[in-house]
Amino acid sequence: MPQLEVQDEGAVEAGLDALDTPVVATEGSRVRRIAGRVLPPVGAIVVFVAIWQALWAAAFWLEFKLPAPAAVWGQIWQLVTSGDIVGLFWVSVHRAVIGFAISLLIAVPLGLAIANIRVVRRGVGPLVSGLQSLPSVAWVPAAILWFGLNDRAIYWVVLLGAVPSIANGLVSGLDQVPPILPRVGKALGAGRFGGIRYILLPAALPGFLGGLKQGWAFSWRSLMAAELIATSPELGEGLGQFLHNGMSLSDISMVFAGIVLIFVVGVGIELLVFRPLENSVLRARGLTASAR
Amino acid sequence: MTATVDAPPSQLSPVRFHQVGKAFGSGRKAVVALDGVDLEVGAGEFVCLLGASGCGKTTLLNLVAGLDRPTSGRIELNSSRPAVVFQEAALMPWLTAAGNVELPLRMAGVPKAQRRAKAAELLELVRLAGLGDKRPHELSGGMRQRVALARALASTTDSADAGKPSLLLMDEPFSALDAITRDVLQGELLRIWRATGTAILFVTHDVREAVRLGQRVVLLSSRPGRVVRQWDVEDTPDAVDEINIALRKVISSHAAA
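These protein sequences, in sequence, are chains A and B.
According to UniProt numbering, the residues represented by the first sequence are 1 to 292, in order.
According to UniProt numbering, the residues represented by the second sequence are 1 to 257, in order.
So that you can see chain A by itself, here it is in the shape it has in the complex (with noise of 0.2 Å):
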């Protein structure tokens, strides 16, 4: 083949892989994107507060049973000023987190036997998914009869709201790799152990994510059930417990500060750590549609 045919291979092929090649569209200036995505959800508190307002204002219910934003306010700003907020979100995310740590440790070999062997899947498969929709709160009673009013009671709570669901994330994002991925990877030499490393596992990840991101709900959620119900001074006072001590002084500011405080820990955490997690292994995999 002379070479001047081979050139025109090449420029050829060139062309058309810079035809070919998907188009990146730039989404407009990096203010304006940032604007874009916080300026709606911070709209939606505004008219959320400001309707809140007004049936406060027009006293629809009684002081006792709705209080004033401002009154709210001011419980969270009192809490702030006296530091003592350090105190019970250092007590409740200490724990949320530890109990999310060991749920891993637990969930994930579970998962991977879930998933790779077929006695393990019928067998336990079943119950995991039927602890899922099982509230953790339920363990609450027996916990306590098992434990005593301690952490462990607590943390045996935790763990039955997230180990199903981070377990069950792993199977179904292990479920949902297309079968030509491990094959592609016997053919290329993997083992079975460099299958799983190299191929399966990677290729499980954004479901595994979605697990975790659900796990840590479950825990957070289970966390603040077990504070609420199992109170004593032994245990320390968390967000559960402030909620709790609201109730007990029939103060309704406390108690809507507590619950506008354990909301914000349990977004604060997703939107600071899981959010972004999640998009950067999308992004890389060309499936942004779901990050935005």
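Don't read these hints as lab results, they were simulated from the structure.
Hints are not guaranteed to be accurate.
So the derived label-pair ranges between C-beta atoms look like this [stated by the list, open to error]:
1) R192/A <-> A179/B: 38 to 44 Å
2) L145/A <-> D68/B: 55 to 61 Å
3) H205/B <-> P182/A: 22 to 28 Å
4) A113/B <-> R37/A: 39 to 45 Å
5) W94/B <-> A59/A: 56 to 62 Å
6) A284/A <-> Q114/B: 21 to 27 Å
Think of the CB as a built atom: it goes at the ideal place given N, C-alpha and C, for glycine as much as any other residue.
Fit chain B to the given chain A structure using the hints.
Below, chain B without anything else, positioned relative to chain A:
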């Protein structure tokens, strides 16, 4: 251009089939995919397997690739690990183009610097030098298939098999691409074949493609797959027409059944 898969001086056939049969299922419900297939691919030879649907072309490649086992007969493999290119590029979406090419080397425990160099060399071979950092979704279909080819070539080059002839298996690799891209990639494949001297077993259902690429075209019958006829493309003046007629005959024989 540097040759990356060296053609050995020995004339050992990379792969030889001895009366190979493959059935799926057992008893009366068994489906016979391949029956008594005798086939040989010479070192550095380009062989196209041609057949209609259900001729067991893909089964045959899977047997050579070690993804499946024959139920009867045996396959004599004298090559290094066969490189496989599938119909879909099936790149790992979490890895870059270079990362995909490096994957088989990583699984074989090749040190990092060596992996890098090898991947860069193979990407240059498929004319994707400088695009190693791209993710699969940032590449066109044709580019993805070339990355898959580079990755497959990387999987054959483990040092343990040095000196053995190399073998590239391709399962309708261009059938999902548009006509222009297919045409260009066929030219590319011929260039890479000449540059590397690897033997190629190429499955297709397109007679023109088979005649353009292959030195030898092997026609398989359908259900069960048997070797019907073979042509040396060089010695057959009207290869496309002749093979087309034979293929139609094979297909129409199924209408009566």
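| field | Outcome of range test on Cβ distance (A284/A, Q114/B; 21 to 27 Å) | value | Holds: the Cβ-Cβ distance is about 25 Å, inside 21 to 27 Å.
| field | D68/B and L145/A - C-beta distance against the hinted 55 to 61 Å | value | holds (56 Å)
| said: Tell me if the beta carbons of R192/A and A179/B are separated by a distance inside 38 to 44 Å. | reply: holds (41 Å)
| said: Just to be sure I understand the hint, the distance between the Cβ atoms of W94/B and A59/A should be within 56 to 62 Å; is that true here? | reply: At 58 Å between Cβs, range holds.
| query | Falls inside 22 to 28 Å, the C-beta gap from H205/B to P182/A? | reply | This hint holds: roughly 26 Å between Cβ atoms.
| Has the hinted range 39 to 45 Å been met by the Cβ atoms of A113/B and R37/A? | holds (42 Å)
Checked against the numbered hints given earlier, this structure breaks none of them.
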